[in-house]
Structure formats: structure tokens, C-alpha cells
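Place chain B on chain X using the hints.
Number of protein chains: 2
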Amino acid sequence: MAQKPSIPKGTRDFSPVQVAKRNYIINTIKEKFQLFGFQPIETPSFENSDTLMGKYGEEGDRLIFKILNSGDYLNKIDNSLYESKDSKKITSIISEKALRYDLTVPFARYVVQHQNEIDFPFKRYQIQPVWRADRPQKGRFREFYQCDADVVGSISLWQEVDFIKLYDAVFTALQLEGVTIKMNNRKILSGIAEVIGASDKLIDFTVALDKLDKIGEEGVKKEMLNKGISETAIEKVKPLFDFKGTSSEKVEKLKAMLATSEEGMRGVEELEFILTAVEEMSLETASIDLDVTLARGLNYYTGAIFEVSAPDTVKMGSIGGGGRYDDLTGIFGLKNISGMGISFGLDRIYLVLEELNLFPETVTPVTKVLFINFGENEALYCLKAIQKLRKDKIVAELYPDSAKMKKQMTYANKRSIPFVVLAGTEEVKNKSFTVKDMVSGTQTEMNYEKLKEFLQ
Amino acid sequence: MAQKPSIPKGTRDFSPVQVAKRNYIINTIKEKFQLFGFQPIETPSFENSDTLMGKYGEEGDRLIFKILNSGDYLNKIDNSLYESKDSKKITSIISEKALRYDLTVPFARYVVQHQNEIDFPFKRYQIQPVWRADRPQKGRFREFYQCDADVVGSISLWQEVDFIKLYDAVFTALQLEGVTIKMNNRKILSGIAEVIGASDKLIDFTVALDKLDKIGEEGVKKEMLNKGISETAIEKVKPLFDFKGTSSEKVEKLKAMLATSEEGMRGVEELEFILTAVEEMSLETASIDLDVTLARGLNYYTGAIFEVSAPDTVKMGSIGGGGRYDDLTGIFGLKNISGMGISFGLDRIYLVLEELNLFPETVTPVTKVLFINFGENEALYCLKAIQKLRKDKIVAELYPDSAKMKKQMTYANKRSIPFVVLAGTEEVKNKSFTVKDMVSGTQTEMNYEKLKEFLQ
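If you're matching them up, the sequences are chains X and B in order.
Under my numbering, the first sequence has 295 at position 264, and the numbering climbs by one with no breaks.
Under my numbering, the second sequence has 41 at position 10, and the numbering climbs by one with no breaks.
One chain only, chain X, in its complex shape:
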């Protein structure tokens, strides 16, 4: 029976310290979500395959974990299909359920399914694990949490403003100062494509532009030419290659560049509205940066696009992102519901806080005091005191066995328990407790009231 136990690749066990640190981040995010008026929902870990398949592109479909039907599932495959041994075709017969791939599609499904119970605009948050059959690598897991907040049912740009404030509030509360909220707008990117006369080359164009940092202006131009974007077109968007300055300078450059594109100008207007409002309200620790190379979720977002990057001192990909989507629920038959949402990258935020040493020391719940077990009578005496301490929210424990003193003390040390109570025959007689400070080593005898005060 004995096996060497292990867990599937790409998954993780979390130790008490890790759980405590993760919960610290999750609780901070949750608290701010609630403060901003978002309400929690939860959806099942697995959905009907129909709900998920075809929503994330071909690659996405491949990465969705499928759950095998119960019982004699092969029996339901007709013989000619079975003979084909075609894994892809057979999958849809032998698997009707699949693990959630993200929180967005289940949310869209939720909104449509429960539309009659929901008051729009509906502000929901959802913090749950998702699963992807991706090749595991450093920082990429097959099971990981997403922390999403979305509003559906309003096209107001005040939402964008509020989401920026929300990012700022969360990272400020986490004491992670200096994050940059990069912002772009799908309409600007479309506008650029229009201006260069190549609306069909939008992706090629942005992919090339995105490499500016790495391959420089000449490299980018070369790639654009290779992709069939003309010299004249490239000349028109030249300002993008040196897109620096204050937000308002950038906005002016965009206005000049996009003057002939109605959609582009609408994107600039949206950006300008958001930037002005945010400036009026001011951010606490984050800063906002207009980044025209930002093309996150281009097939998906229809307005504002956000991506949050960690402070410059840390090398880390984006720690959050989001944007405006105009037709989230259309796939499930509910049209004209505009939405806007953002997401926090729990695992990366964890790594950033770890690297910058920003987890508060008190984050791990630590037992305050361990009562040494000297035997049955003493143990009962101690448990009665422990019971009273717990009433006052002091985390107290009895060592369960009357083991050798040294063993019990070592246990307290290993678990970083700061105080130990020694209550032997003498103390029971005196109705007292001898407290030992595990750092200084000093011992003091006191009555219960003193003990309680001392530990508080």
C-alpha cells in the first residue's frame, strides 16, 4: 500500500505561513472590493462544457481541464466513432463538464442565468481558483486564484475612474507603493489602424510596437514593413516611437495623430475624461501612465485597457489588469450589457510583497502561549486557565502529552510560541502560573489576572 506521495505538476500545497500570507492579500483586496460597493458571488468549480468551450479560442479549449463522465462512459460512443480513436471528437461524448478556466465566462453565465434577480448596474467580485492545463513553469501554475471585480449594466466612464481608485486603494493598503497603472484604449488602437489605412493589421501593428523597448525604433519599423505596413503609414504614427511627456502632452499628440479617425478621437476623449477625473481626485501611492503600446486582451476589450506593473525595483510581469468590454453576455444571449472589470494577480503580488519584505510580521497567526503538561491534575488546571484566556481571544494551547520538559520546550521554540506557562504541583497549590519568556528566558510567577494582562 505504501506510496511515495506527491502532487500533480503545476499544483501546490500551501503551508500555514503561506496560507496566512495569501489570506492577508486576499482579505485586503476583499475589504476594498466591499468598501467600493462590490458584492461577492461564487460559481461552481466546474461548468457544463458547452458553457466554456469555444470562449477562449482554440488554444484555450485545449487548456481547459475536462472531467470524465461517470459510469460506463465508453458505452455511449457509437462504434464507428469509437473505431476512429479520435481523442478530440470522443472528448465531447465522454466529458460533459469542465473546470473553470477563468472567472469572466462563469460570471457572464451567472448574469444571464440570474438576470431577473439582479439589480443593474451589478457590481460583483469573485475570488476563486481557476484551472489551466498549461505547461507549468516558474510562476505559472495549473491551479491558481483569480481576484476579479466587475460592473455590468452601465457604460459610464465613472466606473473606469472608480476602478483606478480601487487599484490605488488596494496597493496602498498592501503598502506596495509605486505601482504604475498603465492605461490605453481599444478605440485608440483602432484609430491608429484606421489612420495608417490598415484596420486589418491592428494586431501586427501593436505586437510590433510593443517591442519598442527591446528592439528599438528601427527594429519596430522593420517588423512593421515586413508585416506589410507601408512607409507612409509608419510615418504617420512616428510620434508613437517617442511617446513621452505628461499625460496631457500625450493626449495632445494623440489628438493630432488621430484627428481623422472618429473612433480614435472617441478613445482620446475617454482617456482624457478619465485622466482629468483621476487628477482631480488624486491617487495615494499609485501613478497612472498612458501607454499606447498596451494591447492586453485586444480581442476582448472595447474601451479602456488597464495593466498594473509592480514598482520599478522589482522585476515582475503585470500584477493586475482589466478593461471595458461592451458585450460580455452576448455569448449567452443577453445583448447590450456593457461591463468593465479588473483583476488582481494574487501569485505575483505575493512574490512582490515577499521580495520587498512587505508582509506584516503579525500576518501569521501564532499561538501566544503554550502550557507545559506536567500530568493529569496540572493539565486540567491549565486547561481551565486556557479556556478563560481564549474567552479573551488569546491563542493558548496545552501541550497534549506530559512528555519530557525538554521536548515540550523545543516544540514551543520550533513553533515560535513566545511564552510558555509552567504550572506544576507548586503553582496548582498557589493558584499561580510561572510564565517563561522564550526569548529572554526570564521566568515570573503570577496569578491568573496578572497572566491575562501580561499576555494581552
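Please note that the accuracy of each hint is not assured.
If chains are identical, the list can't say which one is meant, so a pair holds when it fits in one copy or spans any two.
Stated by the list, open to error - Dumping the calculated DSS-like pairs for lysine-lysine here, alpha-carbon to alpha-carbon at most 25 Å:
{"id": "1", "residue 1": "K120", "residue 2": "K107"}
{"id": "2", "residue 1": "K61", "residue 2": "K424"}
{"id": "3", "residue 1": "K86", "residue 2": "K35"}
{"id": "4", "residue 1": "K415", "residue 2": "K61"}
{"id": "5", "residue 1": "K483", "residue 2": "K462"}
{"id": "6", "residue 1": "K399", "residue 2": "K61"}
{"id": "7", "residue 1": "K424", "residue 2": "K52"}
Don't read these hints as lab results, they were simulated from the structure.
Model, not experiment: these values are computed from the prediction.
Chain B in isolation, oriented as in the chain X frame:
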């Protein structure tokens, strides 16, 4: 593309109110777990199939959700096996991972895998979902949470005492008064089997005894006779048929009955120790009941067995259970680690609190104040006030669109938001806010400081 969306049978969406109520229970349990010195761990949602299969009996194996391998999984089945079309045999080739069926086996796997990082005795808690391909029915789901606390690495009976106190603490905190913690001991059941000279009939015997309430003494005797238990044997355990009285009276009856069984007497001693200690320490709102018919997890527990039942006024199965197991980790090659653990039944506790109307009114996070949107200028004015209110932890929101007044008021009403702020041109000019009490309908104009005080 449009589909009528639904979720797989046996799974649930949770609305904001439901999430809030579930979290109220979970947070109460978690708080007490931590107060008693338990530390949280988390394990992956899916384990290697090897880890889970064969641990829950044949029925359990059938109920485990299996995850389909990625890629061209059928290709790995050799032709002769494939031709057999044997679902059961083929499953082990095309599925290497499976969803967690409970938290106990993953915990055992965790302890063995991380034994060198763990300080024993190890007190852990774990609150995570589990999945079972059971036939869904009222109150039985395919995805549900388990809330477990266990200690491994000590055989001390003080653990049992502490777990009883923990049950009492949690249900007291939930204001669920009058729960009964039923206790038995596997050794007593074995002792009875020994005394009646039929150690092999232990299960038959307890199954029959368990029906005492329903079929009466004669019915039970008849069933025992049918199962091959002799008249003489039944005569010996006659006191069980009328097993009433105080705990100490019951203990005396057991002592008389089990005098000749060494194991039985050890069970009685254990019970007596626990009962005496609990009596010395007293329980707050729960009561303890020695119930020799209790046979929960008989194949699994080796000492104390617990089951918690809701107050008599509610018809509900057990809302918690647990016990002592002497060899949890043996299946993974780590011998001689004794453990003891208890579990809380989240879904049933939810139903009980709902039925008895015990959820605090404040359990659902409600937005305190909605600012009506009169247009761009006013909205910005409002958002600045909202920003300050949030700093003081007051949940405030702006209605995102400058929609018709009536629409905005209806929204506030539907969401049960108690106050609405009206800040139009006049208020902006006066630097004031008109607050409307949504219940009484009264309106008062005040400055920001007053508004803040008012909402606090």
C-alpha cells in the same frame, strides 16, 4: 452562439447574500480554529489518482471525479485494451488526476510529504471544497465545503477534551444553543462484540442497535437473531436497550457489561476521562451525550467517535462529526502517527441557522450610502466625498450614470441602501450634501463633516 445557460446538476451558484451568510459561518469556525491553536493549510483541488483511489472503498472510487488527460490521450491505450471498450480499465490510462473527495486523505498525504517541515503534534485546519459524483438530492451536492480540524502526532486524550470544547465554542459563537455532542468509542463497540462472542458481527450488531428508536427493542432483537447473534449474547447486552441516565450511570452500566473485555474496559476508561474533564471545565451551550449506538466511520475510527446533532427543534441530520484514528498516514508509508479530528457540516449548519433565524442582520455587507448622479460636475464633487468616506470605512457609491432620478432611487431601494445623497448645483455651490433617509423619507442638508458623523 446563444445558449440557455445552466450549471451542472448538484452544483450551485451563490448570490451575494448566500456568500455573506456562508462566510459568516466559515469565519466563525476559522476564528475558533485559530483561537485553539490550529493552523491553516491548503492542498490542490486535484490529486494524482493514485493518492485517492482505493482509499474510500469501491463505492468511493466510483464517486471520485476523474480528470481527462490532455492531448491525444486515446493514443496511449494499446489496441487490445481499446478494443475491450472497458471503461473501468481504460479510465486509469486516460485519467491521471482526480478531484479531491474529502480533506482527510489529502491531509494524510500532506503530512507524509512534508513530515520534515512539520513540528508534531501538528494541529491543522482546512476549509476547502470537495467533489463527489453522488446522485444529487435535497441537501446533497456534488461540490461542497468541508471544514476540518485535526491533530496528528499525539495519543493524548486531552485532544478529545479540547475538540469538545471547540465544538462548544463554535456553536456558542454562532448562537446555536442546544446542540448535542454525541460520543462513543470504537473500543466499546469492539468490547461489546467481544462480550457477545461475535467480534465478526460488530457491524451487524451496531446497525441493528442503531434502529432502536425506529423499530423498538423487539425489532432490534429480531434483527440481531436473524443476523446470527445468539439469544445468550443478546441477553448480555440487554442494558443497551434501555441505555438512559446520567453519564456516570451510563459509564457504570458499561463497566458492568464489559468487565470481561480488556479492550471494552479501555474504551470505558477513555470515555470516563473525557467526560470527567469536560464536566470539570463545563460547556457553554452544548451538551454531551454518551450514545453507544453511534457507529459513524466504524471502519476508520479507533477510539473516540463524535457526532453533533442540531437542537431538537430542528429536523436535520448531523451537523458535525469526528473521531480518533490511529493510523491515518500508514497508507502513505508513515506508521504510528495517531490523529484525532472533527468536521463541521457547512451546508447543514447554514440550513439550521436559516430555519432558526440566527444569521445576524449585519451579515450581508450593504452599501451605506448611494450618491445620486446629476451630471459630470456633480458626480466629481460626489466622488471626492465618497473617497473621503471610504477612508473612514463607510461603504459609499456613486450611481454611475446621470439617469432619471426615479431610476436611481429605485436602484437604491432595491439594493436596500439605507441612505441616498442628493448633491445638485445648489449643494455644490453651498459645499453641502442633502441626505435622504430611504425609510423615513426625511431629507437634511449638511456639510461633509456632519455627513460623515451622520453615516458613522
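Hint by hint, here is what the structure shows:
1. K120 - K107: Classified as both; 13 Å inside a copy, 16 Å across copies.
2. K61 - K424: both (24 Å within a copy, 13 Å between copies)
3. K86 - K35: between (39 Å within a copy, 15 Å between copies)
4. K415 - K61: between (37 Å within a copy, 22 Å between copies)
5. K483 - K462: Answer is within; shortest intra-copy Cα gap is 14 Å, inter-copy 50 Å.
6. K399 - K61: between (27 Å within a copy, 17 Å between copies)
7. K424 - K52: Cα proximity of K424 and K52: in one copy and across copies (21 Å, 23 Å).
Consistency note: the structure conflicts with none of the earlier hints.
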